[in-house]
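Peer 1: Whole structure, please, built from the sequences with the hints as guidance.
Numbers 1280 to 1756, taken from our numbering, label the letters of the sequence shown in order.
These are calculated hints, taken from the structure and not from any lab test. As the structure is a computational prediction, the values presented were derived from the model and not from experiment. Take these hints with a grain of salt, some might be off.
As the list claims (entries may be wrong) - Subject to a maximum C-alpha distance of 25 Å in a straight line, what follows is the list of computed PhoX-like cross-link-like pairs (lysine-lysine):
id, residue 1, residue 2
1, Lys1562, Lys1481
2, Lys1491, Lys1340
3, Lys1562, Lys1707
4, Lys1481, Lys1491
5, Lys1337, Lys1491
6, Lys1477, Lys1596
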Amino acid sequence: MVFNVVKGGIIILLLGILSLSTPSVAFQLNVVGAPTQFYENGVRLCAADNEGNCHWDKYAKSLIAFGAPGIVLAALCFLFVIVFLPIRACGGFGGNEPSEGIFCPGSDAPSREYSRKEVLSVKIIACLCVIPVIIGVAIGLGANQAVGHSVSDVTQYMLTTSNNVTYQLSQVRDQLLSLQFTQDDLAPLNEILNETVKISEKMAQIKTGGDKYDGYRTSIMYAGFAIALFVLVIGVLAMGFNWKRLGMLTGTMTFFVLVLVWLSFGFHLLSNKLDYDICYETKLITSNSSSSNETSIFQSGPLSSIWDCGPTSPYGKLRTLVEDAMQEAVNATCSSRDQACKNLLWACDYGMECTQANLDNIIGYPYTTIEGAYGVPQCAVHCNFDRNRNASILIELSVSTLDNYTSIYHNNIEPLLNCTMVRDTISKFEPLLCGSFFTNLYNISVSSFIVGLFLIPFGILNIIGVKRFIPLSDATA
1280 MVFNVVKGGI
1290 IILLLGILSL
1300 STPSVAFQLN
1310 VVGAPTQFYE
1320 NGVRLCAADN
1330 EGNCHWDKYA
1340 KSLIAFGAPG
1350 IVLAALCFLF
1360 VIVFLPIRAC
1370 GGFGGNEPSE
1380 GIFCPGSDAP
1390 SREYSRKEVL
1400 SVKIIACLCV
1410 IPVIIGVAIG
1420 LGANQAVGHS
1430 VSDVTQYMLT
1440 TSNNVTYQLS
1450 QVRDQLLSLQ
1460 FTQDDLAPLN
1470 EILNETVKIS
1480 EKMAQIKTGG
1490 DKYDGYRTSI
1500 MYAGFAIALF
1510 VLVIGVLAMG
1520 FNWKRLGMLT
1530 GTMTFFVLVL
1540 VWLSFGFHLL
1550 SNKLDYDICY
1560 ETKLITSNSS
1570 SSNETSIFQS
1580 GPLSSIWDCG
1590 PTSPYGKLRT
1600 LVEDAMQEAV
1610 NATCSSRDQA
1620 CKNLLWACDY
1630 GMECTQANLD
1640 NIIGYPYTTI
1650 EGAYGVPQCA
1660 VHCNFDRNRN
1670 ASILIELSVS
1680 TLDNYTSIYH
1690 NNIEPLLNCT
1700 MVRDTISKFE
1710 PLLCGSFFTN
1720 LYNISVSSFI
1730 VGLFLIPFGI
1740 LNIIGVKRFI
1750 PLSDATA
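Peer 2: Written out as structure tokens, the structure is:
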């Protein structure tokens, strides 16, 4: 009997070790320059191919397969309960000789005599199983507290960043509406802002989903561990006071608890796989030193489906709008300068085409006027004739407008198009997500495995205790 219990435990131990070893080995893979077949095996987030296209059906299957050991063990425990309990309650599954059940009539006397060694071995082995279960619960509870904080911190990072981007773009919109060449672009600017608000809403949904995930995960784990500790207490009492029927009920309850424990085991293995895949994508971004390369990786990767910062994103549309306005400002500046050269007889033959690249040189060029040689900025201040001074001021206004657009472009739009804020956010939460969070998820898987592994013999020994839970004085030598 004891040999069969040990043999079954070894089989489950090997199955669990195989499952537990997978995420730790996978996490050591060098993500930089990973071979193409690594992607094709469904390892990337959402089973993305080399072009960043997601294959969610394939990815869902890979996640389920990763959590399969826990799901299978939970199903076997549940099957054991629904098959074993009704039959054993009426005396079945009691060995080759008749024995009493729980609910059906029968003799309380043992069907055969048991030696002290047989009685004590069952109780001692069962009590020894209590120790690793308590250790496993302690490991799981400690790791769970860290995991809960990590989930909240990571999702809050993302939500805060998206809200900051939305606020920043609302400020940009107000600035653009105050400038000459975009003051009539309220509708397209609002459309761009609304698309950005949708990104914030998506981040809020992710945070809500993360909170729900953490709630479900914690509930399953706490339920399994709490009931496991309760079962241990009543099981030990049943052995100590030789309460046979309570012992068998405890054993049966143990397998109900094991359903939750193995589900927690599988769920956390699955979560480890998901976390690893996210970390794979973040490391592809943060491990590249070239900003343009990082941006290309981000825009072509699966994370772009969560937060797009490419040319087709709201930021890309905003860039097009501002670039058009900058060109209009250049055209207005050059037109005002050409008018001054023509109407005010400025000497403008300096051999440079009026373009944005040459604008600083053109504006600062010392034009020969009736009042002397002045550049536009100097004439706007020092020229005595109103016509020269006013023409210079008009050109200066166009240049100032262009400077405002250029500042918005470089300070606000380029960082968004380069995914700078998104990458900075990833850099902040990556050590958390891919460090303590990953480790503690794994520790919960280990703790669930330890609890599940040692609850199995504890439950079985309580079930067979219906015959062996007798006073030592009634046992044979």
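Peer 1: Confirm or reject each hint.
Peer 2: The hints, checked one at a time:
Simply put, Lys1562 and Lys1481 have alpha-carbon atoms about 23 Å apart, close enough for the 25 Å limit, and the pair holds. Between Lys1491 and Lys1340 the alpha-carbon distance is near 22 Å, which keeps this suggested pair within the 25 Å criterion. Of the supplied pair hints, the one linking Lys1562 and Lys1707 holds, its CA atoms being roughly 12 Å apart against a limit of 25 Å. Restraint check for Lys1481 and Lys1491: the C-alpha separation of about 15 Å stays at or below 25 Å, so the hint holds.
Distance check on the hinted pair: Lys1337 and Lys1491 sit about 24 Å apart at the alpha-carbon level, within 25 Å; holds. Of the supplied pair hints, the one linking Lys1477 and Lys1596 holds, its CA atoms being roughly 15 Å apart against a limit of 25 Å.
In this structure, every one of the numbered hints holds.
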